[in-house]
Amino acid sequence: MGEGVLYYIPLGGTAALAAATALIASIGFLRTRDFRFDALASAASETVLAFLAAGIVSGCSVVHSAAGKWWTWDARMTAALICWLLFATCLMLRQAVEEPSRRAAFAAVWTIFACLDVPLVVATAAWWKPGPTLPIDWTWPRFGLLAIMAIAGGLFTAARVRRPEPSHPERAG
Amino acid sequence: MGFLRQAGVVAAKDLRAELRTKEAINSSLAFALVILLMFSFAFDPLADTTREISGGLLWIVFAFAGTLVLNRSFTRELPNDCLDGLIAAPVSGAALFLGKACASFLLVLGVQLVSLPVFGIFYNVPWTRQFPELLLVLVLGTWGLTVVGTISSALTVNIRLRELMLPMLIYPILFPALLGAMQLTAVLVAGNPIGPGDFGWLKMMVGFDAIYTAVSLALVETVLVS
Amino acid sequence: MSAVAVDGVWKFYGDYPALRDIRLEAAPGTCLALIGRNGAGKTTLLRIIAGFSRPGRGHVRIFGGEPRDTATRRQVGFLGHGISVYDELSAIENLTLYGRLYGLADPARAARQWLERAGLARVANGLVREFSRGMRQRLAVARAFLHEPRVLLLDEPFTALDDKAIAVLSGLLREALASGRTVVMSTHQLREALELASHVALLVRGQLAFHGASTPEMAADPGLVYARYGEG
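Residue numbers (the numbering used here), protein chains in the order written: chain R, 1 to 173; chain Y, 1 to 226; chain G, 1 to 232.
Any given hint could be a false lead.
Claimed, not checked - If you anchor each label on the Cβ, the simulated ranges turn out as follows:
no., chain 1, residue 1, chain 2, residue 2, range
1, G, P216, Y, E221, 41 to 47 Å
2, G, G8, R, P141, 53 to 59 Å
3, R, S61, Y, N192, 36 to 42 Å
Note that these hints are calculated values from the structure, not bench results. Note that the structure is a prediction, hence the values are computed from the model and not measured. Glycine included, each C-beta is placed from N, C-alpha and C at the ideal position.
In isolation and in its complexed conformation, chain R is listed as follows:
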């Protein structure tokens, strides 16, 4: 592993923050039916996908430099892959529902389901593959990098937030 920066830690950490944002926004939508929460949940889910994918790719490169192969079914890589799929299905569900109110409600429900599953997936993967896994390094430079990535994640989310439904003038009035 050497001096290589372990990018997947801050990338994964940012994805986790984005997932928490998506969860809170989804609950917020179901309670208030305010479409701004739905827009935030959607953008945060996209951030999870983007940053988790980058983290997985980073993990793959670490595995490759250590062991000469591109993938390993260890606890962290497996958990990351399943979590990525969880959020990918949330976005697929959004695309499959045409009517905006139903789309927002269904996506909120499924995002809650997905977020509840994340700790179960992480625990399951750890039990299933208890052997050596990707190293985690919590020295201070990592925290700095995490903060930078979190800000990047926040900006990414803000950029992905689309104008919330609906925009009809009579709706705002």
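Dock chains Y and G against chain R, hints included.
Okay, now just chains Y and G, sitting in the frame of chain R:
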């Protein structure tokens, strides 16, 4: 009328309708047998190595064949707008969900109990040796599959690509429960009892079932009326 | 207290307002005909009143209660475009099922009585999939009336009914109104509706263009309402 009685009425209706037509269980059973057969092309069914993975193979069969039954749960309400009749009735969404989940659970379990002896014969595994514990694992795993599948059936009933969306939605969510079921089934089907090292999996499955049952009951009304 | 009170209801599909600021009431014992062209929002409004979908803004009360409350739903009968009966069950099984869901004391007896009234007693044990269209429609009517609801919500009930079914339904509606029940009915068929309706509400592109008592001149010339308040 009590919550459980209402759920019972819905479950009885689903079971009666399904047992009369047998559409879902016949196709589910046929599909299970076909997958078992296809696995025998990929792996030598009688080799020791195959016996080690047999728990996993079995739950792949159950998960795939089960979705054929679970998809029917709410799609059976589409003809004649029967879903409207159920939503209009003074039955809570939670009772409706629970009734449908119970009916699907019994149907999927039925398919599994028929597939199990066939599997035992094709793969020469001593599945009867730890049968009570195996039944417990089947019940826990199937309830998790059913609960997630039933809420997904409610979600996907009126959307595009319904048959495609349901499996894509449920399999990632089910990873903890399916893995637990596979691990425990592999142990039991080989004829060994569940040891202390395996209790964690049992607890995981119970926890998964409890969490997803509670959340589904809480959110199903949102899915049905939006 | 009104039987049905719609207060400031809006319904949006994305940006598009399918219903705009609908305010109307139906007093107990009256029959309100919701009329309007295709796409005016009649079905959307009726489904919101029945509790199938939520309004974007505003609220609906049925005898002061929320449409989604189980106590309220027990008092409402809904007859939509679909018949809401199961093809793979028999007529008596269907009605007994609904009787149980609506908490009737003796669901089987109520089912038999209503099959009798709908002229389906002879085919009580027949599967619905084998019924003719007219028989299915009469079964749907029996299902809606089975639990003696105080409020009946009917979405274009006379559309595609055969003569026998129209006779059964009209008779039941007259009887229901005479016994003080409330009917809200959306319809294209002004003539049948205005024979029964005490009040009329005209929807034009999601807005209420007219709401008031029906008059003899409306019953005589149904097109009058459209001409005077609608878009012709």
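Going through the hints against the structure:
1. G:P216 x Y:E221: 41 to 47 Å: Once the Cβ atoms are compared, 46 Å apart, the range 41 to 47 Å for E221 (chain Y) and P216 (chain G) holds.
2. G:G8 x R:P141: 53 to 59 Å: Holds, since G8 (chain G) and P141 (chain R) (Cβ atoms, about 58 Å apart) stay within the stated range.
3. R:S61 x Y:N192: 36 to 42 Å: holds (40 Å)
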